[in-house]
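There are 2 protein chains.
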Amino acid sequence: MHLIMGIHAITEVLLYAPHRFIRVLTAMPKAEGRKSELIELCMKKNIPVAIASFDALTKMAGSDSHQSFVAEIKDREFLALKDFLLQEHSLVLMLDQIFDPQNFGALLRSAECFGADAAIFSKNRGSDLSPVVAKASCGASELLTLIRVANLAEAVSQFQEAGFEAVAALLNPQAKSLSQFHFPQKTLLIVGSEGEGIQPLIQKRANHAVYIPMQGKIQSLNVAQATATLLYAYTAQKG
Amino acid sequence: MHLIMGIHAITEVLLYAPHRFIRVLTAMPKAEGRKSELIELCMKKNIPVAIASFDALTKMAGSDSHQSFVAEIKDREFLALKDFLLQEHSLVLMLDQIFDPQNFGALLRSAECFGADAAIFSKNRGSDLSPVVAKASCGASELLTLIRVANLAEAVSQFQEAGFEAVAALLNPQAKSLSQFHFPQKTLLIVGSEGEGIQPLIQKRANHAVYIPMQGKIQSLNVAQATATLLYAYTAQKG
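So the sequence lines, in the order shown, correspond to chains D and F. Quick note: the first sequence, position 165, residue 165 per the working numbering, numbers continuous. Quick note: the second sequence, position 21, residue 21 per the working numbering, numbers continuous.
Fair warning: there could be bad hints in the mix.
[Unchecked claim] Simulated restraints on C-beta separations: (1) D/64 to F/180: 41 to 49 Å; (2) F/124 to D/161: 51 to 59 Å; (3) D/157 to F/124: 52 to 60 Å; (4) F/165 to D/48: 45 to 53 Å; (5) D/179 to F/86: 27 to 35 Å; (6) D/160 to F/215: 18 to 26 Å; (7) F/86 to D/36: 45 to 53 Å; (8) D/161 to F/74: 51 to 59 Å; (9) F/54 to D/161: 46 to 54 Å; (10) D/185 to F/88: 41 to 49 Å; (11) F/19 to D/161: 54 to 62 Å; (12) D/48 to F/77: 53 to 61 Å; (13) F/77 to D/36: 43 to 51 Å; (14) F/215 to D/179: 15 to 23 Å.
Treat the hints as calculated values from the structure; they're not laboratory data. Note that beta-carbon positions come from the ideal geometry of N, C-alpha and C, so glycine has one too.
Given only the sequences and the hints, what does the whole structure look like? Please build it.
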C-alpha cells in the first residue's frame, strides 16, 4: 500500500484505475466545487471515504500540499525490464538523476500524455515514487508502465539488444538539432537533471544526442519542458 | 528596486544585464561549487556583495528557496504596448490567469529560450513579478521584454490591428491539432492556467485555437510544458 495526494491526481487515478484504491481520506475543509465532485466520484466508484484532520493528512503524506485529499492505493507492479522487452514497444522515457520530485512527476505526466510505452528509472540515481511525485504527475505515476532497475547503463544495452536506439537529450559536439533530427522507430529517450545531466557512462552508450535549438540568452529549458518538447516532436514524426 | 533570488537566476542576469544590479546579499553557508563561482562572478562584474543571515534573506525574499542568494536589482521598464507595436515583431506570449508563480516563471523562461519578442500579462489576472517568479524563470523575468496591461482582451485587439493573429491554446470544437497547424507569421500565442483556462472574452477574440494532440489517458500537460511545446513548434516552422 502507498499514498497519493492531491485532487487532480486522485481524480485521474479514480477514473482510470479505481480497482487500485483502498480508501480516500479527506479533511474536507470546504467541500465545494472540485472537492465535492471528488467525493461524489468516490461514492460512485464505491471507494470508502474517511475523515481525517488536515494535519493528520500532512503527516501521512509528508507534505502539506495534499489539498485535503490523500488516498491509500494498492501497490502497483513494476514491470521487469526483460518482460517489457518481450513485448512490442516503440517509445520509452529514461529518467537519469532526476532528484527533484516535482520534475520527476512532471516527466511521468508528459510520458503518459504523449503515449510513451513506459518510463524507466533507478531509485539509486534519482527520486523514487512518493505522494509529491504522484501529485506532480497528475496521477501518471499510477497509470504509466514503470520499470525500476538498479543500473540504468546496463538497461540501455538491454534496450539496444532489443532493437531500440538510445537518444540522449544533451549538448555535445555530435548532438543534432531537434529540428533536423529523425527519431528512430524504437526510441529510448534519455533525459537527465539540470544540475547533474546524464551519467557519462550512459552518454557514451547512447546512439544519438539531440538538443532543442534555443534562440534566447538563457541556454536551457527545465528538464520537464524540454522533455515535453522532445516527446511531442517524436509523436509528430511518428504521427 | 526589487529582489530576485536563486543561484541560477542571479547568474543568468549577471551574465546578460550586470548593469541592473545594486548589490548581492549572501548567507554563504558553504561557499563551494556554484556558490563560490557566483561570488567570483560578482567580483568580476564589480557588484557589491554583502553578508546577511539565511533567515534575513528568507524574510526579504518572502521565500526560503533563495539558495543563500538574494540580489537587489534596479527596476526594469515595462514596455508600453503601443510602443512595442511600433516595432517589427513576430512572436509574443500572452499569459492569461496564470496565478501560480512557478508556472508564471517557467512560462517566461520558455518565452525567453525560444526567442519570443515579449511576454504580455495583466497583474489583475494572474501572478505579478516576485522573487519566486524570477527564480522559476531562471532570470528570464529580467531579460525578456515584458508588457503589463490592465486589460488583456483589449490588448488582443491592439495586436490584431498591428497585423498579429491571436492563437489560443485550448480545446474547443474549432481547435486544430498542433501537428496540422501552421502558425501565422505574426503570432500572439495565448495560454491560460490549468484551472481557469483562458477568459471567454479572449477566447472569442482569438483568430485560431490550437491543441496539442495527446495519446494517453491524462488529457493535459501542465501549462509550462504545453507552452514549451507550442513555442518549439512555432520556431521549428519559422526556422
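To see whether the hints hold, each was checked on the structure:
1. Between residue 64 of chain D and residue 180 of chain F the beta carbon distance is about 43 Å. The supplied range of 41 to 49 Å therefore holds.
2. Taken as a hint, the range 51 to 59 Å holds for the pair residue 124 of chain F and residue 161 of chain D, whose Cβ atoms sit roughly 58 Å apart.
3. Take residue 157 of chain D and residue 124 of chain F: their Cβ atoms lie about 55 Å apart, and the range 52 to 60 Å holds.
4. Against the hinted window of 45 to 53 Å, the Cβ-Cβ separation of residue 165 of chain F and residue 48 of chain D comes to about 52 Å, which satisfies the hint.
5. In this structure the supplied range 27 to 35 Å holds for residue 179 of chain D paired with residue 86 of chain F, their Cβ-Cβ distance being about 31 Å.
6. In this structure the hint that residue 160 of chain D and residue 215 of chain F lie 18 to 26 Å apart at CB holds, the actual value being about 25 Å.
7. One distance hint, 45 to 53 Å for the beta-carbon pair residue 86 of chain F and residue 36 of chain D, holds here, with the actual separation near 51 Å.
8. For residue 161 of chain D and residue 74 of chain F, the Cβ-Cβ distance of about 58 Å falls inside the hinted range of 51 to 59 Å, so the restraint holds.
9. Checked against the hint of 46 to 54 Å, the C-beta distance between residue 54 of chain F and residue 161 of chain D comes to roughly 50 Å, which is consistent with it.
10. Remark: the range hint 41 to 49 Å for residue 185 of chain D to residue 88 of chain F is upheld by a beta-carbon distance near 42 Å.
11. Range check, residue 19 of chain F to residue 161 of chain D: about 55 Å between beta-carbon atoms, so the 54 to 62 Å window is met.
12. Between residue 48 of chain D and residue 77 of chain F, the C-beta spacing of about 57 Å keeps the proposed range 53 to 61 Å intact.
13. Judged by the Cβ atoms, the range 43 to 51 Å given for residue 77 of chain F and residue 36 of chain D holds: they are separated by roughly 46 Å.
14. A C-beta distance of roughly 22 Å is found between residue 215 of chain F and residue 179 of chain D, which places it inside the suggested range of 15 to 23 Å.
Against the hints set out earlier in the document, no violation occurs for any number.
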